[in-house]
Every structure is written in structure tokens, then in C-alpha cells.
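From these two lone chains plus the hints, build me the complex, please.
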Amino acid sequence: MFQRILLATDGSEHAERAADAALGLARELSDAHVTLLHVSSQAPSRGQLLQANLDIKSLLEAEAHATIASIESKFTEAGLPYRLEVALGDPAQKIVEIAAARGIDLIVIGSRGLGPVSAVLLGSVSHRVAHDAGCPVMIVK
Amino acid sequence: MFQRLKNTWFANVRLDVLAGMTVALALIPEAIAFSIIAGVDPMVGLYASFCIACTIAFVGGRPGMISAATGAMALLMVTLVANHGLEYLLAATVLTGLIQIGCGVLKLGRFISFVPHSVMLGFVNALAILIFMAQLPYFVGAGWLMYGLVAATLAIIYGLPRITKAVPSALVAIIAITALSLFMGFNLQTVGDMGPITRAFPLFALPNIEISLATLMIILPYSLTLALVGMLESLLTATIVDEMTDTKSNKNTELRGQGIANIVSGFFGGMAGCAMIGQSVINVKSGGTGRLSALVAGSFLMFLILVLGDIVTKIPMAALVGVMIMVSIGTFDWQSLKDLRRVPFADSLVMVATVAVVVYTHDLAKGVGVGVVLSAVIFGWKMAKISMIDELLASGTKRYAVHGQMFFATTTDFAELFDVAQDPESVEIDFSASHVWDHSAVAAIARLMGKYQQVGKKVSIVGLNLESQQIVDRIGLGAPSGH
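Protein chains in written order, with this note's numbering: chain V, 4 to 144; chain G, 3 to 485.
It is worth saying that the hints were derived from the structure and are not from the lab. Glycine residues also receive a C-beta, built at the ideal position from the N, C-alpha and C atoms. Any given hint might turn out to be false.
[Said to hold, decoys possible] 27 Å max Cα-Cα, derived DSS-like pairs, lysine-lysine: (1) V:Lys60 with G:Lys460; (2) G:Lys8 with G:Lys250; (3) V:Lys144 with G:Lys167; (4) V:Lys60 with G:Lys250; (5) G:Lys340 with G:Lys368.
[Said to hold, decoys possible] Negatives, chain G to chain V, calculated, CB over 10 Å: (6) Val174; (7) Leu182; (8) Asn210; (9) Ile331; (10) Asp365; (11) Gly382; (12) Leu395; (13) His437; (14) Arg449; (15) Gln456; (16) Asn467; (17) Ile473.
Just chain G, with the same shape it has in the complex (with noise of 0.2 Å):
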């Protein structure tokens, strides 16, 4: 017991320490911008990234891995915000956490890749998407100033590893540009405009809501949407951390740990969060492999601004605009532009329409139920064609050899490919193409044998797979012969 604690806390003070405190300095922006996506104040995204930091480091099953407030899950949040208001937020918070840990104890974190991969990558492209327009309002009425100092942000961000990359360049990047905005004295919109910058510990409180079934149908959408997503980017990270690290991880004692965070993270004014790609693999490029570097990201976050607080308030938005951009560069799959002609067109048509979907509505459930049910309706679709390649053989048998998968959507067009009245006296039909699924399946075969039979003409069936021989003989052909 003793020897596991100092196993996975202490086996690597130095690196996890100075790695954790590169990571809080990569996520004080980003927490800040996330906030300022989701319409709260700045506060709800640091208290949230200070409050999930340090939770998963004790709950978590990644060490080494980073969790705050994140774009993604922001997103999720805009309407719920400008809808119903903070307190909701924070109620949809902490039932996000209740859904995680019931996930993580029924280990369903496996399902999640019943999602079809065309409509998570939809899901991820449409996110990028909406990060960069969620920038667009600052440019309107706009001088040339800001398009300057956001170019000139973006400029440091992207040269700036070029050259060194001991320090965050977005972090560099908005110190640069805040140092010159208030050295010029700039009057420029800052993240002051955008909410106060609270230089106190999170506070405990329970959300400030009714307690009903109405409050809990207002939320329960949101929060479902927001554990899901939670959850695909806590399981894609770990697999990249632990692939980093040549280490394993519980997944499932990951997503219950995310759910802990998240109900903590509700419960002191914090918004939902999830695992981050870009921070962990700093955290881990950094040495950053122990519980204690998330315990250090976070609490040297909230000792940040604790401090620094009137300096964070001072940032002009022009250098956050120029980070989330950056953001959303980051997140979308530009790999998935070029594997557009190399995938079925099918995949590309469900990723597209994903896409389109959630630019359109702003609403990326809506692009996920779209793309899932398109996907399923394509496959249902492939699924239902079955066709039959005839022969006669030498012995003056009639050999069908079926192709497609025997089930209720198939079982009409099955029997009209057999032409019972012409056929030879002895049929064989061969199903090592197919495979037979349901009942119906069964009960059409059945029916065609007694087709044959009522015209005294002998059916054998072969090439039945292991499965489908089970079912067969599980429901019986009900014909008196035919084996």
C-alpha cells in the first residue's frame, strides 16, 4: 500500500512538479477563453480547471494525464447558459459527474465506441468549427487594431516553437501582447469586460435550483451529451498517455474519476471538464508522469491567480481570440479532408452531414443524433441487399448460393430469387456467403423448403456457419425433411 502511494506520487518529484507548473501555465487562457465560450464568467472555468486538476489526481486512473475545463465540453454548455442561467450549469455539472461514475462502475466505457467513427470525427471537425465562430463577434466593428494584435498572437504562437520550446508560446504569446497592450495603453476589450476575476478560493455551495422533474428535464440532455464526450476525450488521451508512457491505466476507474471531478467541480461554481489531448502530452513531453503533476497543475493555477489575479483582468481579448483560434486549428482533423475520397462515400456523407448540422443548429447533440441515425439507416441499408448466384451442377442439382445477411429486412427478397415451379427436382442451397440472424430468417427458409416440398421436390441446405447452423437448429426448420 505504502510502496504504491510512493509509487504513483512520488516516484518523480522533480519532473512532475516543474511539468505541472508548465501545464498551469498553458491552462490559464484556456480556461478563461472556454469560460468566456460558454458564457460564464472567467472564474466558473479556472475554479472548474483548479477544482478537476486536483480531484483526478486522487481519483483518477491516468496518472500523468490532465483534466480542466475544456472547449469541447464548453460547447455543450452555450444554450444551457443563455437559456436557464449559471445555477443550471452547475446542477447539469454535477449530474454529469453522477452519469460518469454509473458508466465507470458499470464499465461501459467499451461502448463508446458504438459511436460510429464518421460521426465522431463529424463531432470533432463540427467543434473546431464552432470555436472559430465563437471568435467571429469579437472581430465585428472591429479596427485594424485587433485583427493586428490577434494576427500578431497567432504569429508568436506558431513561431515561437520554431525557436525555443521550453515555455507555452500561447502563454508567451498573451503576456507579449498584454505587456504591449497596456504599454501603448491600448483601450481594447479585456477579459475584465468579460466577468470579474475572483481572487478567492472556490466557495462550497449546492446549486441554486429547484429541486424537480421539470429542472431535471431541463438538464438531463445536456448532462448526457456532456458525459459522453467527457468521456471519448478522457479515453483518447489515456490511450495516447499510456502509449507515452509504456504504461497501462484503468479506463474505467478514469471515467468514474471524472465523474468525482465533475461533482466537485459543480458543487464549487465550476463547469464540467473532461481530459485534454494538447496539455496532457505537454504535461508528459515535460517529465510529468506522476499523480502529482495534475495535483501541481491545478493548485499552482489557483496560486496564479490568487496572485495575479488584476493581471489576468488586464489581458485584451484580442491575444484569447488569437489562442482559441489556435484552439480550433489544433482540433480539427485535417486528416479527415484528405481521407475524404480514400474513405466510402457513405462515411464521408455521414461526416459531412454531422458537420453540417451542428454549424447549422449550433448544437452538437443535434449533428451526433443526426449522424447516428444516417449511419444507422446506410448500414440498415448495405445490410438488406442480398442476391443469389444459381447453378446447375452435374448431377442435375440446382445450386443457390446466397450473398447478404438472412434477417427480417432480407427475408422478402430472399424468397422471390427462387423460382420453385422450373427448378430441377433436387435444390441445395448454399449459405456460406450469408449468415442467417432472427427468427424470421429461420421461418423464411422454412417456408421455402415447404414450397419445394409441395411440389415433391427435395432441398438440402449447406455451408451454414457455426452461428447460424445454432439458430437454425435452436428455432427448427418445422419441415419433416430437408436435412
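The shape of chain V in the complex, shown without the other chains (with noise of 0.2 Å):
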């Protein structure tokens, strides 16, 4: 039912966990496969844009390694398959954006420990993600 499963992850805490979740639901699923997302949201600057020759996918991979290499490791010790997948822009919008146009059956992201003050002025990603999202999501507190 749940073949092609997107973690969302910015490397924070609950990231983690939701890469946890997701880490066991493949687990359990023989035939799924997981996608890991990494979404910056604050454009390379311009020497970094320079010095990579305007190969800006190249710093975003950088960028996501960097941020999210305890969760890569994560699956590489489970011996799970990941594809890793990098977008620049605001995160919730990437986020089903790119769900919507590889197919994604779940979603599977962090919760976000905002107040309740601050997360109606700030919204948050996972709130916006489910609610926007065409598929299943998963948030994981």
C-alpha cells in the first residue's frame, strides 16, 4: 500500500524521530522505498554560486548531507535503500510538490514544537503539509 515514502527532514529533532518512524514502517513493508527530502530554504549566496559554477543542485546536496547525515546514516546501518532529493524554496510547498510529481504514496514528517502562539502566526510546515499534501502524511510527534 505504502511503496513510495517521502521523509521530509531538516535535520532537527523531531526529524529524527520521524526518520525513525519511517525507518521501521519500510521495515516492516517488504516492497517500500524511501525518499529522503531535504528543503533549503535560504538561497546559496553568490560566492558559493560562483565557486560551484552555478551548479546550484550540487551545493543543495552538499547543504542536505551536511544537515542530515545522522538520518543517512540511519538507513545506510539498516540496510535500507534511500534516494536523496534536494529542493530550494519554502518547505511545505516543496514538500508536496515534489511528493505530488514522484508518486509519493506517504509522507511521513516531524512535528514542529511550536506554541500555539507561534504557530498560528508562523504556521507550521507539517500542518501546512497534510493539509495541502494529495497523499497521506504522517507527522510524527
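So, in C-alpha cells, the structure goes:
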């Protein structure tokens, strides 16, 4: 049922818990495949872009590897193959877009520990994903 | 055709309009502030932003990207405006556009990478420092009120996004500080003191200059640097927007479009501009991905000036100075400071030298010039090192392994590294860690082989890579044996 799982992660504590959940789920389901998604919300600096010869993907991938290294190693240790995707932009919007484009069956995402006031003002990424996504979303507390 | 028109213009009307309006609000304070940096009336920057944003909507190659008057370009014009006045700036703007169209048509965009990275970095950092320094005169002789209001502006700009990102914080800061100063009746320097805000559409006019070679020689250096910086910024911004929207763009069409937009701007009393990284990111994040967003940004900006022109003149300079300090902090590449120790010393040297020259001379072009020359010299010096590792093989043959580039600068050193008299009967020269670049190099090898042959020793050449072999074959070693 959940063959293609998208784990949206920003390397935070909540994302670590979401990673554990996705890992457990993928183990249970025999033919599940996990895609790790890291969205950078800040564009790389001019200097970084120039040094990378305008290859922005490589910069985003380097940033992703740096922030979610522990999650990547979790998957490697468990012997579960995964694919890494990177994107630049508004995290919630990008997660929903990529999930739709790749035909994802389930999005796994960590909840963010915001108080009631800042959650309303800032809008939580997981809430927006849950609201906008076209597939089931698992928010890990 | 119709379908394509629909896709690039009307695929995303609601979000494009909303994003465009958000961008317009963020553009106004910057357009005014950049005009003041360049030393022209606020209307010059506002007309430029209006003309460029609207024109690029039609002729640009990267839908969703926002172009307008920018700080980078404004700084390049300072001395031109100070020495020759506004009309020369308008002419230089038109010429900038012509150069950019030329570059777009000839597909020269990719040659931007010929400027070394450390020079670019130095340029960007120098730009940030200059924008910051341009704000300092406003503090001279100013009372605590000025300092307080600038601090308040910065507090709102950096504090507000922690609460909400729905409205541009710079705009909120400007509105709040303006309201406060009107309410309290502060007697402060305002935008109105910098020049009039005309509540009218820009009019077409030819720049009022004498058309002569002398005029051309005055504006050409400025136009060339403006064109180059505009292309660089536009290329960087287009790359970021491409990634954010997961779409590709035509960089050469974009360059041509930037050129057309600058020509329009120059003829309608505006200064040269280029793509804006910050505003484009705001636009895309607000959902603006189509051509319509840039058109709305430009026209809504004009609409606001027509309606709110009088209020704009009441904005205290303190608020604008705060915005400019934010722009300079955002422009400076802080990562490059962290990288200073990591990157090779020569690169750091070039970066720091570029910054130093710009800050000292207040001339970005001079800094870039010094940086490029310095990079070239350092590169040449690195390349002009050649070394040799020799060993005696079991067969009695002596093998020389050449390390380094073979070209005109290294041929003298190359010849001196061989000991023709003492060497055994058979010598092998290994070029696998080298590259033969030019005629001088081939000639030097031929001369060396000639020397060995004169004393009756046999020389063989091995390990030439394909390109080196080709140049050697074409020119020929001119020696009867050796192959």
C-alpha cells in the first residue's frame, strides 16, 4: 500500500524521530522505497554559487548531506536503500510539489514544537503539508 | 503559440498578482535608496524600476525573476553622475542596454565565468562595504534621534520575520518609522529633501547630450562595467529561480531582455538596473512564477507612486538608512570570511586585494581590474613552475619525468634541467605529468633532442597526452630521429 515513502527532513530533533518512524515502517513493508527530501529555504550566497560554477544542485546536496548526515547513516546501517532529493524554496510547498511529482504514497514528517501563538503566526510546515498534500501524511510527534 | 502565451502569462494569475504586489511594496524603499546612493533624484530609481520590471516581463528569459534598479548598479554610477550629471547617466544606461543585447545575441553569457571567483567575491563584498559607507554621511552631526530611529528600523527589519513573514519587514519598518516621525513631529531629513517625487508617468526623451566620440569615451567604461555586473547578477538570480521553480530558463534571451529593459529605462529617465536576487526569491516564495508577476510588480509600484507620492516624501532618511544597512549586511558574503583560511592563500589574497582597492578608490571597476590582473599573474606564476624527477632504469637508460606545464614561460627552465654531458647513452623523457601547449615548447624539446644527438646519445619521448601529441606532430620535432 505504501510503496513510495517520502521522508521530509530538516535534521532537527523532530525530524530524527520521523526518520525512526519511516525506517520502522519501511522495514515492515517489504517493497517500500524511501526518498529522503531536504528543502533549503535560504538561497546559496553569490560566492558559493560562483565557486560551484552555478551548479546549484551540488550545493544543495552538500548542504543536505551536512544537515541530515545522522539520518542518512541510520538508513545505511539498517541496509535500507534510499534516494536523496534536494530542493530550494518554501519547505511545505516544495514537499507537496515533489510528493505529487514523484507519485509518493505516504509523506512522513516530524511535527515542530511550536507554542500555540507562534504556530498560528508562522504556520507549521507539517500542518501545511497535511493540509495541502494529495496523499496520506504521517506527522511524527 | 496561444497555448505558450497562456502558459507563461496566465497559468497562475491569482498568485502572480499577489506576489507582484508584495514585491512592488518591497521595491519602493530600495528604488528610492538606490537613487540616493547614485546621487540622482528618487524618481530616477522609481522610473527605472517601473520600466525595467514591466519591460522584462515581456522580453525576459526567466519568468518569475524580478529586475529593477539595484544597489550594485547604482554604486557603479556614482562618479559618472557626480562628474557629468544625470543626462550622461541616461546615455550610459542606453549604451549598457546595447552592450547587453550584443552579449545576448552573441551568446556570451557563459564567458562570465572567465572572471575568477575570488575577484567576484571581492567585488560583492566591496559592494556591501560601499553601500554601508554610503550611509555614514547621514550620521555626521546627527543627533541621538537619528541613531535611535536607524536602530528601531533595523530592529523591526530583523525582528518582524520571527513573528510573521506575510508582509515585507522593511516596508513595515518604513511605515512605522514614518508614522512615528509624523506623529511626533520630528524635524528630520526626509526623502523629500533628496529630490522631488513627481506623481506622473515617465516620459520618453532622448538623453540630452552631445553625440560625439568624446561623450562615448566618457560613458563607455561605465556602460561596460554596468553591463558586466548586470549580466552577472542576472545569471546568478536566474540560476536560483530556475532551481526554486524546477524549470529551465534561456540565459541568452534573459541577457538580451535585460538589455532591452535598460534601453527603455534610459529613454524614460531611469537608471540602469538588473535582476534582484532578494526580490526574486520573495516573488517566487509568494507564489509568483509567471511573467505576470513582474508586470504587476512594476505597474503596482507606479500606481503606488501616483497615489501615495506625497507620503513617500515624508519618509525620514533614518528609515532608508536602516534599509540600506540591511541591504549591505545581506549583500556581504559572510561565508567568504569563514572560508578565508580554507581556500588557497592566493585566492584569499585576490579577494582581499579587490576589496581593498574598491574601498580605497571607491571605484568597483578598478578593484575588479586589479583582481583580474593579480589572478592572472598568480596563475601564470603557478603555471610557470616546472620540475623534473630523474632515475636510472635497470636497462641503463636514464628517465626524466617532467612535472609542470610546457609553454613559452617554462622552456628556459626546462632546458636547464637536463645534464646532456653526463647522461648515459640512452635517455627517455616522460611527459605523462605534463602538457605541451605551444610552439615554444615543441621547439625547446626539439633543441634538447638536437643537443643529445650531437653527442651521439639516443632520446625517446613517452607519455605525451593526446593533445600534446597532436601539437608535437603538427609542428614536428625537426629532428631526424627520436620517434
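Next item on the list: Run the structure past the numbered hints and jot down the numbers of the failing ones, going up.
Entry: Checked against the structure, the only hint that fails is number 1, while the rest are satisfied.
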